[in-house]
Amino acid sequence: MALLKSLAAREDDLSKPANQLKFLSNGIFKEGGLPFFKDKIAQTGNFPLKPKKLEILQLNLGYMCNQVCSHCHVDAGPDRKEIMTRKTMQQCLEVIKNTGAHTLDLTGGAPEMNPNFRWFVEEASNAGIKDFIVRSNLTIILANKKYHDLPQFFKKHNVHVASSLPYYKREKTDKQRGTGVFDKSIKALQMLNDVGYAQEGTDLKLDLVYNPAGAFLPTNQAELEQDFKVALKEDFNIDFNKLFAITNLPISRFLEYLIASENYEDYMYSLVEAYNPAAVENVMCTNTISISWDGWLYDCDFNQMLDLKVNSKVQHISEYNEDLLNDRNIIISQHCYGCTAGAGSSCQGTVA
Amino acid sequence: MSKPYYDPADLRKFGNITEWSEELGTKFFDYYGKVFEEGALSAREKSLIALAVSHVVQCPYCIDAYTKDGLQRGIDKEEMMEAVHVGAAIKSGATLVHGVQMMNKYEKLSM
Numbered sequence: 001m002a003l004l005k006s007l008a009a010r011e012d013d014l015s016k017p018a019n020q021l022k023f024l025s026n027g028i029f030k031e032g033g034l035p036f037f038k039d040k041i042a043q044t045g046n047f048p049l050k051p052k053k054l055e056i057l058q059l060n061l062g063y064m065c066n067q068v069c070s071h072c073h074v075d076a077g078p079d080r081k082e083i084m085t086r087k088t089m090q091q092c093l094e095v096i097k098n099t100g101a102h103t104l105d106l107t108g109g110a111p112e113m114n115p116n117f118r119w120f121v122e123e124a125s126n127a128g129i130k131d132f133i134v135r136s137n138l139t140i141i142l143a144n145k146k147y148h149d150l151p152q153f154f155k156k157h158n159v160h161v162a163s164s165l166p167y168y169k170r171e172k173t174d175k176q177r178g179t180g181v182f183d184k185s186i187k188a189l190q191m192l193n194d195v196g197y198a199q200e201g202t203d204l205k206l207d208l209v210y211n212p213a214g215a216f217l218p219t220n221q222a223e224l225e226q227d228f229k230v231a232l233k234e235d236f237n238i239d240f241n242k243l244f245a246i247t248n249l250p251i252s253r254f255l256e257y258l259i260a261s262e263n264y265e266d267y268m269y270s271l272v273e274a275y276n277p278a279a280v281e282n283v284m285c286t287n288t289i290s291i292s293w294d295g296w297l298y299d300c301d302f303n304q305m306l307d308l309k310v311n312s313k314v315q316h317i318s319e320y321n322e323d324l325l326n327d328r329n330i331i332i333s334q335h336c337y338g339c340t341a342g343a344g345s346s347c348q349g350t351v352a
Numbered sequence: 353m354s355k356p357y358y359d360p361a362d363l364r365k366f367g368n369i370t371e372w373s374e375e376l377g378t379k380f381f382d383y384y385g386k387v388f389e390e391g392a393l394s395a396r397e398k399s400l401i402a403l404a405v406s407h408v409v410q411c412p413y414c415i416d417a418y419t420k421d422g423l424q425r426g427i428d429k430e431e432m433m434e435a436v437h438v439g440a441a442i443k444s445g446a447t448l449v450h451g452v453q454m455m456n457k458y459e460k461l462s463m
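Chains as they are written, first to last, in the working numbering: chain G, 1 to 352; chain V, 353 to 463.
Everything labelled a hint here was simulated from the structure, so no lab data went into it. Hints are not guaranteed to be accurate.
Calculated pairs, DSS-like style, for lysine-lysine (alpha carbon to alpha carbon, straight line, at most 27 Å) [as the list claims (entries may be wrong)]:
#1 V:K365 x G:K38
#2 V:K355 x G:K30
#3 G:K175 x V:K420
#4 G:K53 x G:K156
#5 G:K313 x G:K87
#6 V:K429 x G:K233
#7 V:K429 x V:K398
#8 G:K229 x V:K398
#9 V:K429 x G:K187
#10 G:K175 x V:K429
#11 V:K420 x V:K460
#12 V:K355 x G:K172
With the Cβ distance kept under 7 Å, some of the chain G side facing chain V (calculated, not the full set) [said to hold, decoys possible]:
#13 F216
#14 L217
#15 Y269
#16 E319
Everything numeric in this text was worked out from a predicted model, so none of it was measured. Backbone N, C-alpha and C define an ideal beta-carbon position, used for all residues, glycine too.
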């Protein structure tokens, strides 16, 4: 069942990153049942984890969202007021104009709810970035009249839309994301198709993001993509380009769910058992910088939520320096097992 | 506190059986892994067969393992329950078909 409030609004202990990190370092890890992530990657010569060439700048425009998904690692929701200001956006634009990264990835919350979202997209789309992704939860398009034209807006700026859809059936989607989310998501996907997304003869890209609706790992991404394609086409005449299968990381509201449902230990065992050294080689933090709504820099969106700022002299967008940033050690903890399990997991799907 | 015969956490230790008989344990796990590979039957079909058999042999570890495996593969609960009924039908059928033996014996012994 979907939660009504964020951990932050409930003042839950787990809303504090330090408490999450403490939890992830105690119990089965401290007692020796499972190896610390640091020791695990050291066995395959991957410690310290270092960045490779920067490819992706991921900007979190704020934690406000129209949904309160039970698995959300951002702890996003309507009660979150953290929103990127235009001043920080301007600092980001300067960075975007000069970066060596080829991909700009906007996320949230629902990034569209940031009052400066459209202004920012217009400015950023002129900066010469090759791939410009907006992560849309889909339902925002139908949430309010002012968002109904988002498909046209995305098209106008050749935005690559990446949308969450946990499953191609109603029950699992609504259980994770809230009642009615499935029907709205389907409608929004049809609206995106109608303006040309994922249609032949256009280069408008529409990708879907799948994450398991429970305490289990995703299966083979290619098989899932095929299942989604057949089902969505047959049932709703929907087309999309790629499916990204993402593993739920044991932080924030998903961690809360794992603990409450007594699945935490089993889930961590599954992640560690599925550890894949090949996934470590290409893990997302090696080619990404994550920027928070208030301009701080992180190795990834998950480290952002755990308040683990980059281990560098440069920690804020106001003093951004790509060369200095690239010469850092990536900060890791036990949540990182989520990105190295099986075929690996990143915001762009599997990595191995 | 009661100590049940079956502890869900023991499933994680399944691989440890190799420690007391490396050759046989290794051969078993190699065979097991090979059986579940994609073949004439898909890995998805094999997972559902395994779930049905798990119920018939009433192995709690196997039921846990193949329910989770099914979820990962996107097998939905209707498919899982149908598989369990297939297993149940065969098991009850196996009981009931012995009714013929009972009928035969009854007829033979009766005047």
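Status of each hint after checking the structure:
1. Taken as a hint, the V:K365 and G:K38 pair is honoured in the structure, with Cα atoms around 23 Å apart against an allowance of 27 Å.
2. Only pairs whose Cα atoms come within 27 Å are accepted, and V:K355 paired with G:K30 is accepted, the gap being roughly 25 Å.
3. Among the hinted pairs, G:K175 with V:K420 is consistent with the structure: their alpha-carbon atoms are about 17 Å apart, no more than 27 Å.
4. The straight-line distance between the Cα atoms of G:K53 and G:K156 is roughly 30 Å, outside the 27 Å bound, and the hint therefore fails.
5. Only pairs whose Cα atoms come within 27 Å are accepted, and G:K313 paired with G:K87 is accepted, the gap being roughly 22 Å.
6. The straight-line distance between the Cα atoms of V:K429 and G:K233 is roughly 22 Å, inside the 27 Å bound, and the hint therefore holds.
7. In summary, the hint linking V:K429 to V:K398 is supported, as the alpha carbons are separated by about 16 Å, within the 27 Å threshold.
8. Taking the CA atoms of G:K229 and V:K398, the gap is about 23 Å. The hint holds against a cut of 27 Å.
9. Between V:K429 and G:K187 the CA atoms are separated by roughly 26 Å; this keeps the pair inside 27 Å, and the hint holds.
10. The suggested pairing of G:K175 with V:K429 holds, with an alpha-carbon distance near 14 Å, which does not exceed 27 Å.
11. Distance restraint check for V:K420 and V:K460: the Cα-Cα separation of roughly 50 Å exceeds the 27 Å cut-off, and the hinted pair is therefore not satisfied.
12. The hinted pair formed by V:K355 and G:K172 fails the criterion: a straight-line CA distance of about 35 Å is larger than 27 Å.
13. Below 7 Å, beta-carbon pairs count as interface contacts, and G:F216 has one with chain V at about 5 Å; its hint therefore holds.
14. Using the Cβ-Cβ criterion of 7 Å, the hint placing G:L217 at the interface with chain V is satisfied: the shortest such distance is roughly 6 Å.
15. The restraint placing G:Y269 at the interface with chain V holds, with a minimum CB-CB distance near 6 Å, inside the 7 Å limit.
16. The interface hint given for G:E319 is violated, since its Cβ lies 44 Å from the closest Cβ of chain V, which is over the 7 Å cut-off.
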